[in-house]
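For chain A, the structure is supplied; the task is to place chain B on it using the hints.
In order, the protein sequence lines correspond to chains A and B. Quick note: this note's numbering has the first sequence finishing at residue 156, numbered continuously throughout. Quick note: this note's numbering has the second sequence finishing at residue 344, numbered continuously throughout.
Any given hint might turn out to be false.
As the list claims (entries may be wrong) - Capping the alpha-carbon separation at 35 angstroms, the derived lysine-lysine pairs in DSBU-like fashion look like this:
(1) 268/B / 56/A
(2) 336/B / 273/B
(3) 289/B / 56/A
It should be emphasised that the hints constitute simulated quantities derived from the structure, not laboratory data.
So you can see what is in the structure, the chains are spelled out below.
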Amino acid sequence: KAGVTQTPRYLIKTRGQQVTLSCSPISGHRSVSWYQQTPGQGLQFLFEYFSETQRNKGNFPGRFSGRQFSNSRSEMNVSTLELGDSALYLCASSLDGLTYGYTFGSGTRLTVV
Amino acid sequence: GENVEQHPSTLSVQEGDSAVIKCTYSDSASNYFPWYKQELGKRPQLIIDIRSNVGEKKDQRIAVTLNKTAKHFSLHITETQPEDSAVYFCAAVRGGSNYKLTFGKGTLLTVNP
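Looking at chain A on its own, in the form it has when it is part of the complex (with noise of 0.2 angstroms):
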């Protein structure tokens, strides 16, 4: 079966704009969860979604929100970039977050220049 789809896989993104990320998970999967990761501080945690509602978020500020759609797609957005978001961005699907852990997507690379 199709893996956890990332998409785009790298952008190129200009301080001051913002950038939605999309996430489709495994067929069947209602838990989508997204992290930030950096060379220095690993895998950060910004949210999780079931069922199209956002069960926890990270230590992130508002600029980042995302949303779940009824057929569990995900999409993240940040809004007014700062170089300091250049990171990769992961997702991850799974069951329920709880029965087999998550499967992760290649993840978007993301540069603010």
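Coordinates of chain B only, in the frame set by chain A:
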């Protein structure tokens, strides 16, 4: 909130030796503990997990132990091979309506041939 401490941050072993990575968590409501392996330039992949009602789980050369009382869990890799070289992340998950997944900061394991 939940805090997951992972040690060591780097670990270097000789091929054939054992490697142990330890994590502690703070939220007593955490009930699911997955481990992920991330090779350079690749996505994290689930390698083993354990639930709070189990004390130990083994899968070939990999084992995980959980001590709920002390709130710590460990990954054990025996007979290490160069292909085990990667960054390993532990995570603690609290289920239910207050769902939360917290990752440790990762351990860079290097297996020297």
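Consistency of the hints with the structure:
no.: 1; hint: 268/B / 56/A; result: 30 angstroms, holds
no.: 2; hint: 336/B / 273/B; result: 17 angstroms, holds
no.: 3; hint: 289/B / 56/A; result: 45 angstroms, violated
When the structure is compared with the earlier hints, a violation turns up for hint 3 alone.
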